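**Q** If you count the sequence shown from 1, position 135 lands on 133 in our numbering, and the numbers rise without skipping.
No lab work stands behind these hints: they were computed from the structure. Treat each hint with caution, since some may be false.
Calculated lysine-lysine pairs in the BS3-like style (CA-CA distance at most 27 Å, straight line) [to be verified]:
1) LYS81 / LYS1
2) LYS145 / LYS38
3) LYS38 / LYS56
For clarity, every value in this text was computed on a predicted model and none was experimentally measured.
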Amino acid sequence: MNKVEAIKFNDDIVKMYEALKIKSERDYLFFKLAIHSGLKVSELLTITVSQVKRLIEKCTLSEMCKAHFHSLIKIRLPETLSKELLQYIEDRSLSNEDVLFQSLRTNQVLSRQQAYRIIHQASIEAGIDNVGLTTLRKTFAYHAYQKGILIPVIQKYLGHQSAIETLNFIGLENECEHSIYISLQL
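Full structure from sequences and hints, please.
**A** Next comes the structure, spelled out in structure tokens:
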């Protein structure tokens, strides 16, 4: 079994966007929200319209975060994603209690297996290897780190026990071993 990895290159993320958007707005927004929020797949699958609106308006996922260590960490979604989500909600006439990502057949919660098939098929079409559902959260964490968010903050947000666990999770364990230099001139 192959280890899934973060999608590290922006060009590959764009390829995933394109592959998903052709198939379904829901699938595209599922992926986009996942890599911008870092939520667990189980949280994404059950996120309601009211929770998404709260995330857009207040940058918080309060009741979802009570079970985690990251309740004080705020997530600001890009304005374009916020607009796309609100338009998606309006176009489908979803109420605040509705689950955002519903099965097209049953209008119920999208299953984990279906979410995997969606992401996996898009990765094949985009020509990206080692992609699974954990890739979504790994991609969020990797890009947060690349934007300057400190490992301890990412560690806390992900609920990891150690910085090493977080570095391993985002695929930086080997890179960091050789790139840390401390030069003091006291």
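**Q** Run the distance test for LYS145 versus LYS38: straight-line Cα separation, threshold 27 Å.
**A** holds (21 Å)
**Q** Going straight from one Cα to the other, do LYS38 and LYS56 come out at no more than 27 Å?
**A** Judged against 27 Å, a Cα distance of about 20 Å means the pair holds.
**Q** Is it true that the CA of LYS81 sits at most 27 Å from the CA of LYS1?
**A** The hint is violated at about 34 Å.
Hint violations for this structure: number 1 only, all remaining hints satisfied.
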